[in-house]
Amino acid sequence: MNLYHNKLAQWAAYGVFFAIIAAVPLFVSDSFLLNQLGTYGVYGLLALSISLCWGFGGILNLGQGIAFGLAAYGMAMTMQMQTQDPESNPIPPFMLNNSLEQLPALWEPFWSTGLGITLALVVPTLFYVIFGNLMFRARVSGPFFAIMSLAMLSALFTIILDMQPYTNGANGITPPQPLTILGTPLDPYGPATYWLVCGLLIALTVGAKLLTQSKFGLLVQAVRGDAERVRFLGYNVAAYETAIYALSGFIAAVAGCCWVILVQYVSPAQLDVSFSVTMVIWAGIGGRLSLLGSMLGAFIIQGGQSYLGDALLSTWLLGLGAFFIIVVRFLPKGLAGLLEMGLGALSSGRRPKQLEPADRANAMAGE
Amino acid sequence: MAGLLEIKDLHKSFDGTPVINGFSLEVTEMTVCCVVGPNGAGKTTTMDLITGRQKPTSGTIHFAEEDITGLGEHEIARRGIGRKFQVPAVFRELSVRQNLEVAYSKQTNALKNMFVFGDAAMKRKLDEIAALANLTERLEVEAGTLSHGETQWLEISMVLMQNPRVLLLDEPVAGLTEGEIMKTARLIKQLKETNTLIVVEHDMGFVREIADVVTVMHMGTLLAQGTIGEIEANDRVREVYLGSEEH
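Residue numbers (this note's numbering), protein chains in the order written: chain E, 1 to 367; chain X, 1001 to 1247.
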């Protein structure tokens, strides 16, 4: 049996991964580097959410920036309001510059940190439930869903850019102080914040991994293969699609909150189409059918971007493009698929995949 | 005894072209009803109408005295109507075991299924059905690598995992060898003890073997109904179907 499919071995691999990322602050003393590695945790969360939605659910989502961006704005609003005073200074400076004389009603709930963070997580998730339900009940799927999600993302991008007095438009929101929770400020450059992001990544990865092993996880994979067939077995396919899409949106929303905690900044760039497409590329290269593979894909691409991208400039983009083409053409399951093939060859010495074309011909002859 | 499944005056047209033209049928519980007819007679469309894949233009379908006309596919399936497709539809990327697990649809709620990790009753049933369909040795392989005969049997097994009261089998022996056909016939006779079956089939030898009632469709309507003996003696049936189609 292929070790790659052994559940115990899989959990062991995840355990090693968790141990490594949790140990990072013990070896990294440079606080800027630690902060940067924290943002990799955010990329990891986003890759995880894409792997669930696209890899397991088969729903190609080019608009994951919707949940990420909405949550990031919610978190930035919460942090901004923490620095305002209801009596002496109730209105953020950028609003005054845009000649607003009163705090907009939209901003009122963000006086409360608890309510603000709750909204930052609930609003995007609820948005996914409603949008997903509308799409999936109408049986919109495949490339059509991808286009719809892209269109929705672009619409939100434009709205946020346009509502200058409420969102500060292209400048975005820059809360002057770190997030304070229960009276303690969370230093974005300290190990505590790194561990917060890391802990969320670990908890959500474990949750997602368990989900893929449940009956629900099996069903979304069946829906990916043949949604029509699943309906005739008595399952409401739209409910399954909406659920996996909304869960992936929730994870992206957590990522959005962590992002603002780490960088103290949000702008429409977080809802930019190219960023959402980048998330799909991470999962595609790392292996969308593997949660861990997708996350490592994000680390490899973003790491390459940070270190090689500066040195190679536009050559990096060419290289990335070529790499992506090679992976899509020769490794449809990404780098994780390469590992799967390698371990499969080790365990059996032959590849069962080679049987497939003959059998397909056989099946067609029978019809 | 009232029919378990009652179809009354069913009509269906696509863009104004009638495909089903006032078709009526009553299927008695615990019998095997075979639906035969030349290509384009409307057999598969009738299956689509019963299972909710298509909505009828007019007419009604009652199952266990409940009107199920116009319900969604999953709602009809939950009431106990299982279907095997003409082109075997299994989940090719999943293992045979996973295919059977998916088909076990006692709990269909998405949120509740997030907390289901294998269930003992399901495992017992899975082993039982895999043994019945000779798939015990093949449980861990990817369904896409099965032979055509095994794929047909896997799909029948999936319908059984669903535990339906009525099984609709669309060409269950298409492309099978003589030996596999005989095995399928034995399985169907065994199933008749506990289930009601509607079988669409071209192979008249197979129909002769299993049918209690044979329904002949032609041009979207009922041409004749009766025992296989009566049907084979019917001149009109010979004219439109048996004479030209039997091989």
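Derived by calculation from the structure, the hints in this document are not laboratory data. For glycine and all other residues, C-beta sits at the position ideal for the given N, C-alpha and C. Some clues are possibly wrong.
Computed cross-link-like contacts, BS3-like style, restricted to lysine-lysine with a CA-CA straight-line distance of at most 27 Å [as the list claims (entries may be wrong)]: (1) X:1189 with X:1125; (2) X:1106 with E:7; (3) X:1123 with E:7; (4) X:1123 with X:1008; (5) X:1125 with X:1183; (6) X:1008 with X:1183; (7) X:1106 with X:1192; (8) X:1125 with E:7; (9) X:1112 with X:1123; (10) X:1112 with E:7; (11) E:209 with X:1183; (12) X:1055 with X:1123; (13) X:1008 with X:1055; (14) X:1189 with E:209; (15) X:1106 with E:209.
Pulled from the structure, derived: some chain X residues nowhere near chain E, Cβ distances all over 12 Å [as the list claims (entries may be wrong)]: (16) 1008; (17) 1051; (18) 1070; (19) 1083; (20) 1094.
Hint by hint, which ones does the structure fall short of?
4, 6, 11, 12, 14, 17, 19, 20
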